[in-house]
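Residue numbers (the numbering used here), protein chains in the order written: chain A, 1 to 867; chain B, 1 to 279.
In case anyone wonders, no lab produced these hints; they're calculated from the structure.
Please read all numbers here as calculations on a predicted model, not as lab measurements.
Cβ atoms here follow ideal geometry from the backbone N, Cα and C, with glycine treated the same way.
Check each hint, because a few of them may be wrong.
To be verified - On the chain B side, residues computed to face chain A include the following (Cβ under 7 Å):
(1) Ala22
(2) Asp25
(3) Ile57
(4) Val60
(5) Val62
(6) Gly155
(7) Glu203
To be verified - Computed footprint of chain B on chain A; a stretch qualifies when at least three of its residues, placed anywhere within it, have a C-beta under 8 Å from a C-beta of chain B:
(8) 42 to 52
(9) 240 to 250
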Amino acid sequence: MKIAAPETNRDTYRVVYVAHPASGLARSNFPVECHVAGDKVIRCLPLHIPDEVRLYEIRTSRGTFTRPRKEVQMPLAYAWKRRIHSPTRIAFPLLRADWSPDNPKPHNRGRSSFVRIGWDQALDIVVGQLKRIRDRYGSMESVLVQADGHGQSGYLQSLHFWGHYLFDNIHRQLGWGWWVQQMRNPDSWEGYYYGAKHVWGFEESLGEPWQDAVWDDVLENAEMVLFSGNDPEATGFGMSGSIATTMTRWLRQAGIKIVAISPDLNYSAAVTADKWIPLKPNTDSALYLAIANVWITEQLYDLDYVATHTVGFEQFEEHVMGRTDELPKTPQWAESITGVPAHTIKALAREWARKRTTLSVYFGGPKIRGTMSHLTARIEAYLMAMQGIGKPGRQFLRVGAPSFDKKSLAQVPRYPEVDAIGVPFNPIVEYAIGRAPKSEVFVPRTLVADAVLNPPIAWNGSTAALATSEDQFTAYQFPPRKDHPGIKMIWNENGNQTGSWTHGSKWIDALRSSGIEFVLGIHPWLENDVVFSDLILPVQTVFEHEDLLAVRRSDLLALFYQEQAIPPVGEAKSDYEIHRQIALALGLAEAFPPPQEWLKKDYEQTASFKTLGIGWDEFKRRRVVMYDSPTWEEWVNIKSRYGYGEHDGGLSWFNRDCQGLQTPTGKIEFVSRRILKHAPEDPERPPLAQWREHAELASSPKSKKYPLLVVANHPRLRFHVQGDDVDWIREMWKVTGPDGYGYEPCRIHPADAAARGIRQDDIVMVYNDRGAVLFAAQLSERIIPGAIYTEHGAAMDLIEIDGRPVDRGGNINLIAPSPSEKYPAGERVAIPEMNVSGFLADVRKADMEALLRRCGADSLSAATRGR
Amino acid sequence: MTQKEMSINLNECTGCGLCQIACKDEHVGNDYLPWTKSQPDTGHFWIKVVGQERGQIPKVRVTYIPLACVHCGNAPCMKACPENAIDRREDGIVWIRPEKCTGCRLCQEACPYNAIYFNEQSHIAQKCTFCVHRIDQGLVPRCADVCPRDAIIFGDSDSPELSALRQHIEVLHPEYETDPRVNYVGLPRPFIAGTVVDVESGEVISDADITVTDLFNDKELTVSTDAFGDFWITDLARDHKYMVKVEKQPYERSLLVLKADQDKNVGEIRLTRDSAPSL
Chain A
1 MKIAAPETNR DTYRVVYVAH PASGLARSNF PVECHVAGDK VIRCLPLHIP DEVRLYEIRT
61 SRGTFTRPRK EVQMPLAYAW KRRIHSPTRI AFPLLRADWS PDNPKPHNRG RSSFVRIGWD
121 QALDIVVGQL KRIRDRYGSM ESVLVQADGH GQSGYLQSLH FWGHYLFDNI HRQLGWGWWV
181 QQMRNPDSWE GYYYGAKHVW GFEESLGEPW QDAVWDDVLE NAEMVLFSGN DPEATGFGMS
241 GSIATTMTRW LRQAGIKIVA ISPDLNYSAA VTADKWIPLK PNTDSALYLA IANVWITEQL
301 YDLDYVATHT VGFEQFEEHV MGRTDELPKT PQWAESITGV PAHTIKALAR EWARKRTTLS
361 VYFGGPKIRG TMSHLTARIE AYLMAMQGIG KPGRQFLRVG APSFDKKSLA QVPRYPEVDA
421 IGVPFNPIVE YAIGRAPKSE VFVPRTLVAD AVLNPPIAWN GSTAALATSE DQFTAYQFPP
481 RKDHPGIKMI WNENGNQTGS WTHGSKWIDA LRSSGIEFVL GIHPWLENDV VFSDLILPVQ
541 TVFEHEDLLA VRRSDLLALF YQEQAIPPVG EAKSDYEIHR QIALALGLAE AFPPPQEWLK
601 KDYEQTASFK TLGIGWDEFK RRRVVMYDSP TWEEWVNIKS RYGYGEHDGG LSWFNRDCQG
661 LQTPTGKIEF VSRRILKHAP EDPERPPLAQ WREHAELASS PKSKKYPLLV VANHPRLRFH
721 VQGDDVDWIR EMWKVTGPDG YGYEPCRIHP ADAAARGIRQ DDIVMVYNDR GAVLFAAQLS
781 ERIIPGAIYT EHGAAMDLIE IDGRPVDRGG NINLIAPSPS EKYPAGERVA IPEMNVSGFL
841 ADVRKADMEA LLRRCGADSL SAATRGR
Chain B
1 MTQKEMSINL NECTGCGLCQ IACKDEHVGN DYLPWTKSQP DTGHFWIKVV GQERGQIPKV
61 RVTYIPLACV HCGNAPCMKA CPENAIDRRE DGIVWIRPEK CTGCRLCQEA CPYNAIYFNE
121 QSHIAQKCTF CVHRIDQGLV PRCADVCPRD AIIFGDSDSP ELSALRQHIE VLHPEYETDP
181 RVNYVGLPRP FIAGTVVDVE SGEVISDADI TVTDLFNDKE LTVSTDAFGD FWITDLARDH
241 KYMVKVEKQP YERSLLVLKA DQDKNVGEIR LTRDSAPSL
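So that you can see chain A by itself, here it is in the shape it has in the complex:
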């Protein structure tokens, strides 16, 4: 382990390491090297790892693979400084002018203006409202706390979870009762969580197989990698930086063929794939079943492996061959559903069998965030089992740094000690990504609008990211009791319920509903949900405070000390400090020590302190600790201690052991024992995953009215909803309409455009029963006919046309389905899944005259419009 020498301060500027702005969840990837003069951020540079830090090598018969010393983050990281003084930046506490506790005028949220107030008054209001809620309703059980978003990426100061921590202390120390914890559902990996976990377990890694030393095996052995909606150039790069694109290069350098399967030609496929197989959204399971059909018909699967490593294959075979429903799942059958020619399906099936094939995903992709994606993920797991997952070159691969990754070893050569204690782990993250709710009263994030608007609601599963599979069958309800007052107050630190989650327009209805007496927003920018607050507390950007940076979202682990780069803007405080001030007013000082104390305590748990002996003050002076990687010889030695051969990795241990998975049988379960036990008759998630028709398919009756399927991917230039106000990003991405407004682009195939009289750059309305959103049409061959391509997270800018709310900002999630739609009113939501990609809508040219009559006159539009 070595310590990099920080660049000495120049005469003209200071060098400060600042967190990558938008990865969040208390894990950072590498910071930017920020140059500061006075109170101005001059520039932000990529980090160059010093020569004295040893990088790893992966040695294979196809060559030696390593990573560059240059470590680059997504473009937004170098434009983040524009957000310090962006037009939406909040510098002072703001109170909605027509709000009062006795007459909150909820319907005016998002419409009326704000007035500046002082911090003393703001804190008095917050504490006063908590006391009023307690006096009136008896406890904190009427306060919904939304504090689980990505946010900015410091270790302590900029986290979004402090509300939960504060209310937990109010509960434990003041005895004011539980709070309503909004439970962040397994967004972005929904299908693996609700589906694949029942096939192969992997409870601690979100239902996705462990990545132990996986690259050693893939680079030595794999011949083909399927990018199933995988987009390392967008999602991987955003979360883990340039290692995502480096890993894609490794695949190319190793001569591994890349085949992309997705309705859209995503950013990675467009430049790196050897072949793109476009298919209609939500139909991947039909494609997979037809592949299985070819394998069974032609005996192209691993019969021995299936016999020794799996249970229940016979039932799958019966379904695939149509013995139970007289419907063989042939390539011809799948062609009509997926739009993929039968001859291509057969060729893919044979190639997958013949070549050592790995399947790759990262967070997101259309396949895994659509209606009933759990069936798709299960059938995908079945296919990987049929070809012997864990055999050489046959793995499940994440291209980019995984968040929850391993059995015992990292994905690339790293010392186990560094993995264990190299960087601290902030337990506060468990309020967002945890094993279970911390409050007895909670609501899944996909159902919060229903909890406000239509209580009581009932559902299965806590939806905690790391909850056991067993928990998915536990019944919960809100309110927990008949005499419960329901949700009366909202505490919002995220600001992205409308832009990143399901059915955003329903959440706006909830925010404006008469039962909500007070909405608190804690945020740096007046955008999206935050506009609907009654009181807004202004938050600092990462440039405005000191913090510890725990680099864990990368292939290398490191620690950085982030100095304060510039003075706070206006009266903004850090997320931590705001909650600390509220805690102090409530007499909870002990739970919120000064930041330095907290950081020092956690730093002293690391190898930097314990092994290298670098004290806190010394660390603050040095500011950088980067850990060496083991040499290949050391790594092979480490691997052997854990039972891995030189190029073993991924699930090679399961291939060897035939057991040890977190399923009831310890094997891969085609027929889930757990589902058989708990919900054998569930038509939505049967014990054997199979093809199911549903409401968001081209074959659904609804498609007559709304014939196009919306694909909504993670954005490349934003990070979810973050950064849509940055002028440099907007001029790169938005399309200027005839009215001069910057519209969000949406890709539509020329055939679908022609059928609707839509031309390039026309402003179009994408709409369904849930609402309408405006985009600028981009005619493109990068999307399959019958679907349109969008990226989520555009900043909302609501206007009204002919009495109907329309979003001019391009926030597609406003019209995404709610999971409760799948069930009759009042019925239990068996799977509270998130469907934010793969839902029906139609597109038509927008009435620009009506739009121009309306725009500019609407206060919300004026309040939230970017440049």
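Take the given structure of chain A and dock chain B to it, following the hints.
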């Protein structure tokens, strides 16, 4: 004196836009006198990534091209400037002297690459300086520094990195005859792609021989279809006409003539079995 050059390898460019953002981060709000005044907040693209969508579904690729001032050895802007405000340094870097520029905008009109921008606030013409303030300190321009795939290579023209690329580099718009110092590897040329199938059996046909003849100059290329029945013939001469011959025993051969005026997915080429007995 050794000349500074830049090579941009489009085979490595993913269109991430980092070069464009880093350029703005360096120049917006920051003066680097005498070389340049600061860039305005928006509207200038001293380097700009342009994506070119190629082909038709499902044979689609995107080529991204970062565009900037190419620092011409024979620079039209210098000749057009009535104030002699545009200079070439000994190392080949062409720069607009901010203190001498009167804002007449003639250089903007003269530049064939549309690489010069007008700063309304400062009332001067501005463009890429190769980050001369950085290279004089031994650093590379911001765009090259930030590129995560090292698609942008900058250095002395005789450096090993640039020498290695020398045989692959091409001039963007050679017809301008301006002797640019920014050159490219992998500039897009039209492709023809398709899939060969046996409609009777409903199978793709692998290992079919595709022979492509340039009907203008008789150059011939041969490729085979892959396991998906796909073929890609790349780097064709624009607007030339090609004879495409598809052959595989025991099928009847298929012939077509195509003009390479754009990237083309010819779709499925359907072969039928030779009906004549092959005795």
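Checklist entry - Okay, which hints does this one fail, numbers in order? => result 6
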